[in-house]
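Enquirer: Chains as they are written, first to last, in the working numbering: chain A, 1 to 410; chain B, 1 to 410.
It is worth saying that the hints were derived from the structure and are not from the lab.
Just so you know, not all the hints are guaranteed correct.
As the list claims (entries may be wrong) - Here chain A is said to cover these stretches of chain B; the calculated rule only asks that three of the stretch's residues, wherever they fall, bring their Cβ under 8 Å from a Cβ of chain A:
hint : region
1    : 123–132
2    : 216–228
3    : 245–256
4    : 274–283
Backbone N, C-alpha and C define an ideal beta-carbon position, used for all residues, glycine too.
Number of protein chains: 2
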Amino acid sequence: MCKSIPTVDGAEIQRRLHELAQISVLPDRLWRPSYTPQEGQARRLLTSWFAQAGLSTRLDAAGNLLGRAGGAGQVTLIGSHMDTVKGAGAYDGTAGVLCGLAALQTLLAHFGPPRAPVELVAMVEEEGSRFPDASFWGSRSILGQADPALLSCRDEAEVTLAQAMADAGFDPARLPDARRTDLARYFEVHIEQGPVLEHRGIQLGVVDTITGLGTLAVEITGRANHAGTTPMDLRLDALQGAAGLVLRLPGLARRFQNATATAGSFQVFPGSANVIPGRVSILVDYRAPDPDDLARLGREIDQAAHSLEAEGYGVTTQLRMSLPPARLDRGLGALLEQCADELSCSSMHMISGAGHDCQLFAGQVPSALLFLPCRDGRSHCPEEYAAPEDLARGAQVLAAALYRLAWQET
Amino acid sequence: MCKSIPTVDGAEIQRRLHELAQISVLPDRLWRPSYTPQEGQARRLLTSWFAQAGLSTRLDAAGNLLGRAGGAGQVTLIGSHMDTVKGAGAYDGTAGVLCGLAALQTLLAHFGPPRAPVELVAMVEEEGSRFPDASFWGSRSILGQADPALLSCRDEAEVTLAQAMADAGFDPARLPDARRTDLARYFEVHIEQGPVLEHRGIQLGVVDTITGLGTLAVEITGRANHAGTTPMDLRLDALQGAAGLVLRLPGLARRFQNATATAGSFQVFPGSANVIPGRVSILVDYRAPDPDDLARLGREIDQAAHSLEAEGYGVTTQLRMSLPPARLDRGLGALLEQCADELSCSSMHMISGAGHDCQLFAGQVPSALLFLPCRDGRSHCPEEYAAPEDLARGAQVLAAALYRLAWQET
Chain A
1 MCKSIPTVDG
11 AEIQRRLHEL
21 AQISVLPDRL
31 WRPSYTPQEG
41 QARRLLTSWF
51 AQAGLSTRLD
61 AAGNLLGRAG
71 GAGQVTLIGS
81 HMDTVKGAGA
91 YDGTAGVLCG
101 LAALQTLLAH
111 FGPPRAPVEL
121 VAMVEEEGSR
131 FPDASFWGSR
141 SILGQADPAL
151 LSCRDEAEVT
161 LAQAMADAGF
171 DPARLPDARR
181 TDLARYFEVH
191 IEQGPVLEHR
201 GIQLGVVDTI
211 TGLGTLAVEI
221 TGRANHAGTT
231 PMDLRLDALQ
241 GAAGLVLRLP
251 GLARRFQNAT
261 ATAGSFQVFP
271 GSANVIPGRV
281 SILVDYRAPD
291 PDDLARLGRE
301 IDQAAHSLEA
311 EGYGVTTQLR
321 MSLPPARLDR
331 GLGALLEQCA
341 DELSCSSMHM
351 ISGAGHDCQL
361 FAGQVPSALL
371 FLPCRDGRSH
381 CPEEYAAPED
391 LARGAQVLAA
401 ALYRLAWQET
Chain B
1 MCKSIPTVDG
11 AEIQRRLHEL
21 AQISVLPDRL
31 WRPSYTPQEG
41 QARRLLTSWF
51 AQAGLSTRLD
61 AAGNLLGRAG
71 GAGQVTLIGS
81 HMDTVKGAGA
91 YDGTAGVLCG
101 LAALQTLLAH
111 FGPPRAPVEL
121 VAMVEEEGSR
131 FPDASFWGSR
141 SILGQADPAL
151 LSCRDEAEVT
161 LAQAMADAGF
171 DPARLPDARR
181 TDLARYFEVH
191 IEQGPVLEHR
201 GIQLGVVDTI
211 TGLGTLAVEI
221 TGRANHAGTT
231 PMDLRLDALQ
241 GAAGLVLRLP
251 GLARRFQNAT
261 ATAGSFQVFP
271 GSANVIPGRV
281 SILVDYRAPD
291 PDDLARLGRE
301 IDQAAHSLEA
311 EGYGVTTQLR
321 MSLPPARLDR
331 GLGALLEQCA
341 DELSCSSMHM
351 ISGAGHDCQL
361 FAGQVPSALL
371 FLPCRDGRSH
381 CPEEYAAPED
391 LARGAQVLAA
401 ALYRLAWQET
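Just chain A, with the same shape it has in the complex:
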């Protein structure tokens, strides 16, 4: 049955991904944070593509772009996010949006409107690259889990999330309107962002579990002073304390299976060559697929930070974000696996080490996540790459599953 669906054009998906990747707030590399004019530009481009495919488009109160096909009823939602990290590649997030679009475009052109409604979503602020506290802001809004307190969190330019939304034309007070209660299930296609599929030569990954995630903000305070006149023994150099903490992270993570700990955001103040650092601000990203391991790892990183107080440093820690591990839907996973088999695509079950909007949906509706191989496992960097044939396979398998759920059944 799946074979009756026309072939999706992977080269077209890739061409559109690269066109989207031209839209950045930085001149030299890709960064498309949420609620910026550049995100608006990307959204308008996506809107035109959604419309060409025959979808009726709208923006929800959070700024998520939605494209719908079919009449009333419980909705099968597919999609991913349109924001990027700083210095991103062209595939993380948008590959899922455009694979979903290619699948729907093909199904609508060949079979007409579905019996049950299907919607494609391009979500805001999954990465938290502008508002680290507000990761998954788009999916949280759809699920009614967007904490209004986060509206007052600030970006590096001290702009609040509420102000950023307003500047982009979205009324923060209307955020609750974004909530959906009519969802039947959620599908997301995403690049693996790791080396496993490529390493094993397997074409698709059906994700069983998405690893749990915590973000701990650590601030270490020493004494800023003149770099030339303060004897080495009379210093309280915040960078010395922070460097010691950073070097402990790998050992802490290795105590737990498939766990990671990373200090990706690390800022030194005041930041002049001839001034001893008085303060260091760190965001520690830690992850583990087991909920108990995740909690213990977070506690141990917090203890490691506070142990610097014994050396005289001031230390504050704050858990900025915490996401439990998510078990995805076995039935939808089996369906994706079966469609892959019928299309003669090799597939494997796997754990996702990355957080995805899908893990938020998994808490409320049956959800599935399909991974595509990416070159060298590189992601969150300009070298990020997925081959056209792999993009096509993801879209094709998704199309087959959607066909069965929304065109054939009901």
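Model the placement of chain B on the given structure of chain A, informed by the hints.
Expert: Positioned in the frame of chain A, the structure of chain B alone reads:
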């Protein structure tokens, strides 16, 4: 004889210092980098004070503010700098300018014009807080040592020094005009920026030697990648390498007497919480009063950085700035000491761990540097403070020395 000079008003000096410190490019703390509108504002304020004191003012081609008293002849130059580091206090640099001003104001009011000309200078870009490669740009220009190649160095906003000068109304092509060949000697008053005078309860420091200084730019390159999907054992995290290097600096500095090594500027890229750092840029400031120690310390820091290549990191190092230790003039030092004695001020000989414009002048004319105590030895931070009576003592002793050299003798 010194006692016949009226008493300088230290409270007035401090009031003016705090008025100047209000002029900053940052809303919340003091940063007054060179060739900014704020520096222009500070310069205009200083110009009005210079004029009130009876000095004839002019700007040289580098943007240094000069105020002159007396007729033709070899000039006794006194002064310091008007730029500040990021997050500075109100005393570093400007205290020397305003102590010099108070001394001249008193002498001119009481004794009229000097027999030999005296000039007061407020110099640009001593700190290199905007253009780290161009520290001492003002004094280098006066001494004909400003390297035109540095005109193409850039600030954090990618503005070149040449452009910054032009924006401030100074023609980089005319820089050689700033050179002076008519200087007889140079005096600088400065806060100690260290704890020695306060700790020993001594009122003034006569500096014999200014420590040598090097600034080594170190760039460490690893592999940026996704923080969640890259196993700990498959990472090349640039921050891990950089943290290891930073922790080695204190041990390297302690091998040499009165040496320091500081990583005050430490930037992590791309800088997102969920991205493994791919690159770290460090400016290592190292200092030693002995020329051989300085050279060896620089080599050992450079070797420590390159040793990271064995772990797979890319490492580049570049010596951005190098200043040999400077021996100051024994005769002028003895004069300051004698004036201090006659004024019943306690004084001691000392080494300066900080770089000062004075060390550039010392290479060409007899030069002297007089240190004032500062509270807790704090400097390059908002807590920086010198008491009115200490400011007054510095101005009084300087006035006594100037009286003997420019009013009494010739």
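Enquirer: Does each hint hold? Answer for all of them.
Expert: Hint check:
Check on the region 123–132 of chain B: 4 of its residues sit with their Cβ under 8 Å from a Cβ of chain A, so the three-residue criterion for coverage holds. Counting residues of the region 216–228 of chain B whose CB falls under 8 Å from any CB of chain A gives 6; the rule of at least 3 is met. With a threshold of 8 Å between beta carbons, the proposed coverage of the region 245–256 of chain B by chain A holds, since 5 of its residues qualify and at least three are required. As drawn, the region 274–283 of chain B meets chain A at 6 residues by the rule of a beta-carbon pair under 8 Å; at three or more, the given contact holds.
Comparing the model with each earlier hint shows no violations; every hint is respected.
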